[in-house]
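Using the sequences and the accompanying hints, generate a full structural model.
These protein sequences, in sequence, are chains A and B.
Counting from 247, one number per residue, gives the positions in the first sequence under the working numbering.
Counting from 3, one number per residue, gives the positions in the second sequence under the working numbering.
Bear in mind the hints are in silico, worked out from the structure with no lab data behind them.
You may find that some hints are simply not true.
[Said to hold, decoys possible] Dumping the calculated EDC-like pairs for lysine to aspartate or glutamate here, alpha-carbon to alpha-carbon at most 20 Å:
(1) A:Lys426 x A:Glu442
(2) B:Lys267 x A:Asp393
(3) B:Lys289 x A:Asp393
(4) A:Lys484 x A:Asp372
(5) A:Lys492 x B:Asp268
(6) A:Lys370 x A:Glu444
(7) A:Lys484 x B:Asp268
(8) B:Lys35 x A:Asp339
(9) A:Lys555 x A:Asp393
(10) B:Lys190 x B:Asp179
(11) B:Lys35 x B:Asp189
(12) B:Lys282 x A:Glu530
(13) A:Lys426 x A:Glu556
(14) B:Lys87 x B:Asp179
(15) B:Lys169 x B:Asp179
(16) B:Lys267 x A:Glu448
(17) A:Lys492 x A:Glu444
(18) B:Lys169 x B:Asp189
(19) A:Lys370 x A:Glu448
[Claimed, not checked] DEER-style ranges, computed between Cβ atoms:
(20) A:Gly451 x B:Leu76: 51 to 57 Å
(21) B:Ala118 x A:Val450: 53 to 59 Å
(22) A:Leu263 x B:Ala118: 51 to 57 Å
(23) A:Thr455 x B:Lys87: 36 to 42 Å
(24) A:Ile345 x B:Leu76: 56 to 62 Å
Since this is a predicted model, take the numbers as computed values, not measurements.
Glycine included, each C-beta is placed from N, C-alpha and C at the ideal position.
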Amino acid sequence: MKLSKNALISTKSNKKLINFLVIIAVYGIVQLLIFLGILGDYYQVTLAMICINIILAVSLNLVTGFTGQFSLGHAGFMAIGAYTCAIITKRYDSPLAFIIGIFAAAILAAIVGVLVGIPTLRLKGDYLAIATLGLAEIIRILILNFDSFTGGARGLGSIPQYTNWTWLYIFTISTIIVIKNFINSSHGRACISIREDEIASESVGINLTRYKVLAFVIGAFFAGIAGALYSSYFYYIKPGLFDFMKSIDILVIVVLGGMGSLTGSILASILLAIISTYLQSFAELRMIIYAILLLLIMIFRPQGLMGTKEFSLSKIFNKKQAPHENSAS
Amino acid sequence: MAEFIQQLINGLSLGSIYALIALGYTMVYGIIKLINFAHGDIYMIGAYVGYICIKYLNLGFFPALIISMITCSLLGIIIEKIAYKPLRNATRIAALITAIAVSLFLEYTTMFIAGATVRTYPQILGNITFKPMEGVIVNIQQIFIFAVTIVLMTVLQFIVHKTKVGKAMRAVSSDKDAAQLMGINTDKVISYTFAIGSALAGAAGILVGIYYNTINPLMGMLPGLKAFVAAVFGGIGIIPGALIGGITIGVIETMVSGYGSSLYKDAVAFAILILVLLIKPSGLLGKNTREKV
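Next up, the structure:
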């Protein structure tokens, strides 16, 4: 008995160690490639887009994939984050202001998330989707009209560039870890039970509104961070970047990767970025090919690439070492 | 007062167009519970087909209208057969993503073929205006919009309430499985629904072309969303609801840009939508359905 418990602990710490090492290794390798100049500017931009898309997709997956609340307004929260951070760093140009800007962006997006979430999350299915879409459009139109702050349709330019690979990586990894731990906590279980059956979970005492809003607010918080990183990396933002199509793009990543699979979202973000980089040479045909691919994937694999499964590195390693321990973990 | 009436007339013409598009949304949603995001793009295709007919084939308004309606209804049937039929039993979100993919496909294919430039619509109806009152101007385009909308609505009411197809459509929308058990070919009914809805969108496309004079490949996006708002506003799945919703949204939008700020006109439709959803989610004419365990 004691032995098996020890084995369990060692697998767990082993798992953590492997994950930790992989995380550090990926960071180190990319940093080295950037330092040596092997990874050119073009690929660095793609890399930044991958990181930002991972943050957006993972946070939307919490709302849509795990809690089952169909949101089409994620770009609205991203826009709030992007503008908040941009306005702060434009006024006080320092690395500290950038950090404050990111957190202000996230908190403001979360506050808007509460305000938006409490009334709209009573709605279900398509109605919720269309209401969140409407709210995101309203956010965008408000940004468009407050041109003394936001520059209106012309957008905000010359935002100080602080986002680099290190910041992107830190925030991407922390987003994944926070959301993964949330899903594995009792709150996360409550959210998953809401997705599975609202009435049943309500009857076992889960406060539906509370958990829906909680998931929504966490999603908004990270979307705000993604927006902040975006504005500080590309140093130019305009309201048109955060329209309804942006929300759709994020949703496509989530559905493609599999709703309810965090690793699926990560995989899909990387895959779509690669496809889009590869299709760049086709110019006009790019969107047509993208649409056809999307159509084919939905027809032949509507559950997404990963379904609800998760991919885990430590599982692969453990399988090689001791397959019987897998069941214990 | 004259200004108010003028705005009301402008609002009604815009609203009629929204109503025509909203009908397609509401009929499709009523039958297969799908937000057909590609519907706004079918309307765009309708406008382009009309453009080709008038500009290159030198046809008159009515032949162009009929050709564009037929083309759109065929397109609607093809889209349903290729993209939506394989997904009939898939999750709602998969169907929705498919609809978005179809929408992107139509937009960018048109852009690829016709170019991204904004095109000027030929002025086929001339520049005739009427002055029913001091300070109120009604132009010939608006009269055509009203006339075409009223005729199409009457025809639609006739189809839905007096014909066998219409009866089958109503049966399928109230209970698909039961309708199938009664020997109704649901696939055929769904095809008819797409055909009729798309034809109405095609008509709306050509009307918008002659009213606003410009068309472009992305013109369907925003009116498509607003028409969906109109359908939800009136109660989705209910045909008179789409008509009322479309006209209300059109009038309010015109009033806001006339008396307030035109920058906020796009926000208004969505603000109305959210209010409706919060106060009466089933829409103006919708019935409340009770949730059963």
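Problem set entry | Which numbered hints fail | Hints 3, 4, 8, 9, 12, 16 and 17 not satisfied by this model.
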